[in-house]
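Chain A is already provided as a structure; the job is to place chain B on it using the hints.
Given next are the chains, with one letter for each unit.
There are 2 protein chains.
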Amino acid sequence: MKNILVLGAGRSSSSLIKYLLEEAQNQDWIVTVGDTNLEMAADKVNGYAKGKAIHFDIENIAEKTKAISDAHLVISLLPPKFHPLVADTCISEGIDMLSASYVSPEIEAMHGQAVNKNVLILKECGLDPGIDHMSAMKVIDEIKEKGGKLQAFYSYTGGLLSPESDRNNPWKYKFTWNPRNVVLAGRGIAKYIENGHYKFIPYHKLFQRTQTIEVDGYGSFEGYANRNSLNYRSIYGLEDIPTLLRGTLRREGYCKAWDVFVQLGMTEDTYPLINLSEMNWNEYTRTFLPEYGTSTEEALCEYLGLDPQGEIFKKLEWLGLFSDEKIGANDGGTPADVLLSLLEKKWSLDKDDKDMIVMQHQFEYTQNGEQKRRTSSMVIIGDDSTYTAMAKTVGLPLGIAAKLVLQGKIKLKGVQVPTQKEIYQPILEELEKVGIEFKEMSD
Amino acid sequence: MKNILVLGAGRSSSSLIKYLLEEAQNQDWIVTVGDTNLEMAADKVNGYAKGKAIHFDIENIAEKTKAISDAHLVISLLPPKFHPLVADTCISEGIDMLSASYVSPEIEAMHGQAVNKNVLILKECGLDPGIDHMSAMKVIDEIKEKGGKLQAFYSYTGGLLSPESDRNNPWKYKFTWNPRNVVLAGRGIAKYIENGHYKFIPYHKLFQRTQTIEVDGYGSFEGYANRNSLNYRSIYGLEDIPTLLRGTLRREGYCKAWDVFVQLGMTEDTYPLINLSEMNWNEYTRTFLPEYGTSTEEALCEYLGLDPQGEIFKKLEWLGLFSDEKIGANDGGTPADVLLSLLEKKWSLDKDDKDMIVMQHQFEYTQNGEQKRRTSSMVIIGDDSTYTAMAKTVGLPLGIAAKLVLQGKIKLKGVQVPTQKEIYQPILEELEKVGIEFKEMSD
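Chains as they are written, first to last, in this note's numbering: chain A, 18 to 460; chain B, 18 to 460.
Hints were generated in silico from the structure; no laboratory data involved. Be careful, since some hints might not be right.
Identical copies go unnamed one by one, so any copy, or any two together, can satisfy a pair.
[What the hints assert, rightly or not] In silico DMTMM-like pairs for lysine to aspartate or glutamate, Cα to Cα no more than 25 Å straight-line: (1) 208 with 315; (2) 368 with 183; (3) 273 with 60; (4) 208 with 341; (5) 208 with 387; (6) 189 with 105; (7) 273 with 315; (8) 163 with 256; (9) 19 with 45; (10) 98 with 159; (11) 428 with 447; (12) 343 with 211; (13) 208 with 319; (14) 273 with 233; (15) 273 with 324; (16) 343 with 257; (17) 362 with 276; (18) 343 with 361; (19) 363 with 256; (20) 208 with 286; (21) 273 with 319; (22) 67 with 454; (23) 273 with 308.
Only chain A is shown next, with the shape it has when bound in the complex:
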């Protein structure tokens, strides 16, 4: 009987735990779910004979050592800062560990120890990072094997609303993950390479420099550049590629409207606003505008050159940026805090809303002197508000990896990410069986 220990029973664990419990019915497994909230852990395994819930507090060393040494495999969904604490015990106890978060320098430094102890620490095995690595490397390796030379690689991922849920919402967007991160997205500098030239986009230009992406059957999206695409040259073995850009997807029209917040300074998070407790939304908006002696609506259109009848203005109005309703915020909030509180009213998922994950890779390469192009696209729609597309795409790669590791089908040791064929090929094959698949087009 093999014991799989899942650490963390939060929202993103639903699909992973369900997958493991259902597989356990045909395998010699038990699935132990540990959380500081025992009730939440119990709820996740409820009704499954092979499920077990335990109290688990990462900062309680005895509890940690006991739970991990009782396991044959550990999957950590804890916040990334706790992963070194888990990995450390896994290595000393000789237990393989899987997670969906990025390899930190601290984890990277554990590679030698893990190899010595014959332990696999498989990281970045969720959606992004995770499925992005696997699906990109599959095509990159295929192109290379056929003697192709990659000229350009663009890769976009977005956590969005399904088409059936985005009606009556001009932004066609709601929060499907950490709302605060959405409001602060893109702060800093976006770095990529194009035609052999390094490119740097400052934050205030990021949402203006978007690409349009078409996904067969799902229409148009737009992508803005992620913080650092340059790292991916070494991760994907594409050191000499002239063009490499990774980006985040939104529905068409979103970025131009979001850029209004950026231009106004509403996404600033470094200073507190004044008199917030007395302010209404119209006054909040006016704070970021010069005084034109006109209405706030007219001043905004004048300031940023917006069409008062246009789509951008409509999106802003729909949010309530010009209303005389009190903000209801306490003094001390930043512009971003206040904007977040407005968006949370309008962009929180309703019970019936379904989310949607979209990923598209674009490859441009030369083969036998010919210019070629290939795209590989995935669209996953959530089942409901528990088994969301996000939970499925983050959890199922981990669940499948767990099965493959326990079955001895992944033999690599040390700190790994799923860019190697030995890992990505069997995981992608299994993902296809549970409906997570890519459609390829070439010309």
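The following block gives chain B in isolation, referenced to the frame of chain A:
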């Protein structure tokens, strides 16, 4: 015989030391100049019987205590971080101290001790802060004394080039103080109040939201908002004023061209560029642009909507932003570092260049039910590259304050800034005699 100790013999000390040495000929004074560079200190007092140079290292406690206890008054031109060390000894030795830099929280906390020891610590007594406080408070107090109620106060200061030195330079600007601070100017958020509404300008809009300022006989300037105008409500006793904005002056046309650097991201100072050692200026510029498949010049005009025949583009071209000359920078430099190195080639003062300080206050107020407006403007041109307008306007208020303190004409004790009539009135009267005067206009 009274001994005035001047700490620091750097560039900005020239006018102060000359003023003190010349006054000393008619007063019972000697002037001691202390610097870690004894030669530089000696050079400043050379030829004056009442001048004396000493080695002074603020971090040598014995040297510090000796020099200060030998003095009857200390004027510190040291970097602001050292002022608490000077003030501390001045207070324990019972010696008055003057300086041109801002009151820090550390200095502010010394007020009670200074009062107990009957010591004056007069801060912010240079140009900005200094002359700005004095000249503004003079008018503010006059308006209040006549029963006027201030509605708006705008105050602008700029360190610029004199008209005779700004020909053949389309920017009409050179560095007359710390060049790095000029390149990084405005980072953060500018805060002010207008018509009773708090206003916050993010950095990427700062150089677009300028005011035009006319100075009689000197033409048009433009002002961009300083970081925090709101503080000045309490400093100037204008807690209820609906509009208060302080700003920095540049020659007309400067800000729109500078904004190109801001929009491109060339003033970013938070990340290193890549491949700098191999890059030429054209490639540097291209780094901040999308790839349009055109020349860098065309791409820039397309990207930011610039007229290739226009004044903005001419300014950029004049700097050499499109040249194929190597940058000659080491890897690891930020965009701002590289921009600075370009500007230093073109914006360093020549021997014959003269600088110019421009300050203008604008007051709008009601008096007996009438709307009134007053402006108060000062223009000071440097004599040469030693007795610059900057050195005069920073140094002479300190020199005059020193004379008034030694003559017993300023009796205030504790930590003070020159916003009180007892201080500003005699200083402004003396400044007028040495040619530092304001012209007033009202309507």
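Under the constraints set out in the numbered hints, which ones does this structure not fulfil?
3, 5, 6, 10, 19, 22
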